[in-house]
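One line per chain: the protein sequences are Z and F, in this order. Quick note on numbering: the first sequence equals residues 1 to 229 in our numbering. Quick note on numbering: the second sequence equals residues 1 to 206 in our numbering.
Misleading hints may appear alongside valid ones.
Quick list of in silico lysine-lysine cross-link-like pairs, DSBU-like style, CA-CA up to 35 Å [unchecked claim]:
#1 F:Lys171 <-> Z:Lys17
#2 Z:Lys6 <-> F:Lys62
#3 Z:Lys6 <-> F:Lys95
#4 F:Lys185 <-> Z:Lys6
#5 F:Lys96 <-> Z:Lys27
#6 F:Lys32 <-> Z:Lys6
Calculated directly from the structure, the hints in this document are not laboratory data.
Here is what each chain is made of, one letter per residue.
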Amino acid sequence: MTLEQKILARIKTEHLKPVSRKYLRAKDHILWGLLAAFVGALGVGFGMIIHGIRSTDLSVLAKLELSAFEKVVFSFPVFWILACMAIATIAFVNLRKTRRGYRVSARQFIVISALVSVGVGSIIYALNVTQYLSRLASDNIPLYDNVVAPNTSTWFDPDHGLLSGTVRSKDSDQSFDVRDSDAVLWHVTGDDLELPEGFEIEPGERIKIIGTRTGDDTFVAREVHPWID
Amino acid sequence: MAEEIPSNKAADAELVRRSLESPDEFGHIIAKYQEPLRRYVRRIARASADDTDIILQDVFIKTYENLNDFDRDLAFSSWVYRIAHNESVDYLRRKKRGGSSLDDPAYDDESVTLAETIAADEDMTVEIDKQYLKGNVMAILDKLDPQYRAVLVLRFLEERDYKEISDILRKPPGTIATLIHRAKKEFRRLAEEHKGRWEEGESKTL
Numbered sequence: 001m002t003l004e005q006k007i008l009a010r011i012k013t014e015h016l017k018p019v020s021r022k023y024l025r026a027k028d029h030i031l032w033g034l035l036a037a038f039v040g041a042l043g044v045g046f047g048m049i050i051h052g053i054r055s056t057d058l059s060v061l062a063k064l065e066l067s068a069f070e071k072v073v074f075s076f077p078v079f080w081i082l083a084c085m086a087i088a089t090i091a092f093v094n095l096r097k098t099r100r101g102y103r104v105s106a107r108q109f110i111v112i113s114a115l116v117s118v119g120v121g122s123i124i125y126a127l128n129v130t131q132y133l134s135r136l137a138s139d140n141i142p143l144y145d146n147v148v149a150p151n152t153s154t155w156f157d158p159d160h161g162l163l164s165g166t167v168r169s170k171d172s173d174q175s176f177d178v179r180d181s182d183a184v185l186w187h188v189t190g191d192d193l194e195l196p197e198g199f200e201i202e203p204g205e206r207i208k209i210i211g212t213r214t215g216d217d218t219f220v221a222r223e224v225h226p227w228i229d
Numbered sequence: 001m002a003e004e005i006p007s008n009k010a011a012d013a014e015l016v017r018r019s020l021e022s023p024d025e026f027g028h029i030i031a032k033y034q035e036p037l038r039r040y041v042r043r044i045a046r047a048s049a050d051d052t053d054i055i056l057q058d059v060f061i062k063t064y065e066n067l068n069d070f071d072r073d074l075a076f077s078s079w080v081y082r083i084a085h086n087e088s089v090d091y092l093r094r095k096k097r098g099g100s101s102l103d104d105p106a107y108d109d110e111s112v113t114l115a116e117t118i119a120a121d122e123d124m125t126v127e128i129d130k131q132y133l134k135g136n137v138m139a140i141l142d143k144l145d146p147q148y149r150a151v152l153v154l155r156f157l158e159e160r161d162y163k164e165i166s167d168i169l170r171k172p173p174g175t176i177a178t179l180i181h182r183a184k185k186e187f188r189r190l191a192e193e194h195k196g197r198w199e200e201g202e203s204k205t206l
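Bound conformation, chain Z alone (with noise of 0.2 Å):
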């Protein structure tokens, strides 16, 4: 029996048939809807690199006392810098697995997915998709603030001098009441408060400040800044 008569019989005896074309076809849609859903990731993790540095005060984060892991960790956003690199590696495995995915290289890659995720995240970040996710997920995600974004939790240690909220009403620039993110209403004194330039406190106004707790929900100001979003 010659080679292809084994094969012909094995063929036709196993019932062997082509996968079809429908099943091939879903396969590749899924890959591509996979790689774009990444690709989407990809951006809307920039978006949240780039509202992670924006949200930083490079100047107010010098005046905590803070180690030097503590000040990487808050100033630059740690967790989108990992979930974007995890993302772009499952990505790349992703493209890998498509038809011609392998004709990429992992530079090229890399410069594709640079741009994609610079200009998505951009437009994501200008669009203020970002901060409005941010806040969402602060609001409704456990340990989001810690784990994710702790260069906005910071903010919100008032034993260590540091209160951050939205003004609610206002006596005088030096009387004030701020709400926290646990709903806790402050009131804030400051008789040599310092303000940045051209900044006013405005009821509804999200700020931070820096200072001492006097009491249970009683603080002094020293400096009050704008919460950046």
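Following the hints, put chain F in place on chain Z, whose structure we already have.
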């Protein structure tokens, strides 16, 4: 030299179309590609004649089962070589994992071509004479990493261009160029090492 496969894209596409309609038509594909693939499998998997036949059966069965997945922008030969390559590498892996020794590679006249081509390309003739290489090329090839062996075989024995090798091995063309460069360097290093040991053995027997 490699046997020329008439790689007419349209003719291959027609064979694929007919095979999808009737399995008997697939016999034409088997007839056309079995010899080139047998040679390639032997070179990469270092399998005995019987094992090569078994590998080839699996290669053609997989080819048949995946006919609908054949990318018509590729040369059919690149696609079928890819399947053969993967099966050969799997066989090699299984055999190594099972601890069995690889079959002795049959002396292959065409391997001399490989030695000569690499020697000329790397200007190795100054240090390692061609006669020595001709007699030992298979032993040196055996010591190469399988992916280096594959690119050298595909480039110098199967005479595939970079794009075809890229399609067969599913690696970017730039990576293929790097692999070939590294494979030639590694071949040269092993050849020098092998020759040193061979000369030592020769002098001891004198």
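Now for the hints, and whether the structure bears them out:
Restraint check for Lys171 (chain F) and Lys17 (chain Z): the C-alpha separation of about 29 Å stays at or below 35 Å, so the hint holds. Note on Lys6 (chain Z) and Lys62 (chain F): the hinted pairing holds, with a Cα-Cα distance of about 14 Å set against a maximum of 35 Å. Of the supplied pair hints, the one linking Lys6 (chain Z) and Lys95 (chain F) holds, its CA atoms being roughly 24 Å apart against a limit of 35 Å. Straight-line distance between C-alpha atoms of Lys185 (chain F) and Lys6 (chain Z) comes to about 42 Å, which puts the hinted pair past the 35 Å bound.
This hinted pair checks out: Lys96 (chain F) and Lys27 (chain Z) have alpha carbons roughly 33 Å apart, not beyond 35 Å. With a C-alpha separation of about 16 Å, the suggested pairing of Lys32 (chain F) with Lys6 (chain Z) holds against the 35 Å cut-off.
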